[in-house]
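Trainee: Hey, can you work out the whole structure from these sequences and the hints?
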Amino acid sequence: MSTGSTEAILAVIRTRLLTFVDADGATLADTIGQRLWLYAPPGGTANQWPFGVLGFLPLRRTGAYNGERVQGQVELMLWSRPRTAANAKALEAAADRCEAAFLRWANTDADGLLFSRGGTRATLPVPAEPADRDTYAIRLTFDVIAWPQYLTQYHDR
Amino acid sequence: MAQLRNNAGAVLSRMDQAARNGLTAAANVYRNAVKRELAGGYTSGKFVTGHGINAVTQTAPERESGGLALRVGTNAKGPNDYSYPLGWELGHFNIFSGRYERVPIWLPALTTALPEMQAALARVYRRTMTEGAIPTLGTQLEMNPAASPEHRSPEAR
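Residue numbers (this note's numbering), protein chains in the order written: chain A, 4 to 160; chain B, 3 to 159.
It should be emphasised that the hints constitute simulated quantities derived from the structure, not laboratory data.
Each residue gets a CB set at the ideal place from its N, CA and C atoms; glycine is no exception.
Mixed in with the good hints, there may be bad ones.
Claimed, not checked - Pulled a few chain A residues facing chain B out of the computed Cβ check, cut under 10 Å: (1) D27; (2) A32; (3) V56; (4) W82; (5) R84.
Mentor: Dropping the structure here:
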């Protein structure tokens, strides 16, 4: 694992989300398999529900840390279809697992420090035209702070 | 007779008004930035009716949690009160295009407009604080010997 690029950081976060084992022994992968896409689902996602989409919201760096510290949010959208009570329940349980995965999480294995503290969660309202109303979606954000290798490697310059 | 007069009330009142004016100016910057982005529509621009632009709205500054807050949002709603700007902002499965669609406008506009918003707030705050008669913070001791019976002239007594 590395923090050599923003994509590498997303890959670290993706792995954490898919492999975290909750108190009941379940993982996010048990619900969505490996269908946790970066930025957008691939075309032709019909019949491949449920799935997740992971991406960064705007990141910022401040001069307080010589610009080497990146702070921002990672956004995770979980999607399921059709919009049934059973699918909603399963997706909400998956979202619980994701929140637990980032509870006081810190990745010090990577070449660069990466950790999270707070976040938000919201179930999206029932869609209407032009959106497919038979979908169920949950949006989570995780506050992320990183000292990524793609910046810290220039520390002595 | 002596009176101790403190001008803190007038200064605080002017500061509160300056903060309200500044917040409103910053919100106007953001609202205009969002409207500019909405003018081109979400896809080809062929289906722009002006409804989305006209639905961008903002509240007046209100006191909450010890500070002042103002909200910029949209009143645009579709069937069942579904906020279709929310669907475009966070993503949805479009029944017309048959695919996942996401065109964020509000958050990127905020990121881009933030420096100008901060400058507008500071400019208007400073202008409100310095225009007209400027209240000064100070404590004044007013002496009015004529008002005291002990100090009246024999003729006045």
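Trainee: Each hint should be assessed against the structure and marked as holding or not.
Mentor: Each hint, compared with the structure:
1. The restraint placing D27 (chain A) at the interface with chain B is violated, with a minimum CB-CB distance near 29 Å, outside the 10 Å limit.
2. Look at A32 (chain A): its Cβ only gets to about 21 Å from chain B, farther than 10 Å, so that hint breaks.
3. Satisfaction of the interface hint for V56 (chain A) is found here, the shortest Cβ-Cβ separation to chain B being roughly 7 Å, below the 10 Å cut-off.
4. Given the 10 Å rule on beta carbons, the hint for W82 (chain A) holds: about 8 Å separates it from the nearest Cβ of chain B.
5. Among the interface hints, the one on R84 (chain A) holds; its C-beta lies about 8 Å from the nearest C-beta in chain B, closer than the 10 Å criterion.
Checked against the numbered hints above, the structure breaks hints 1, 2 and satisfies the rest.
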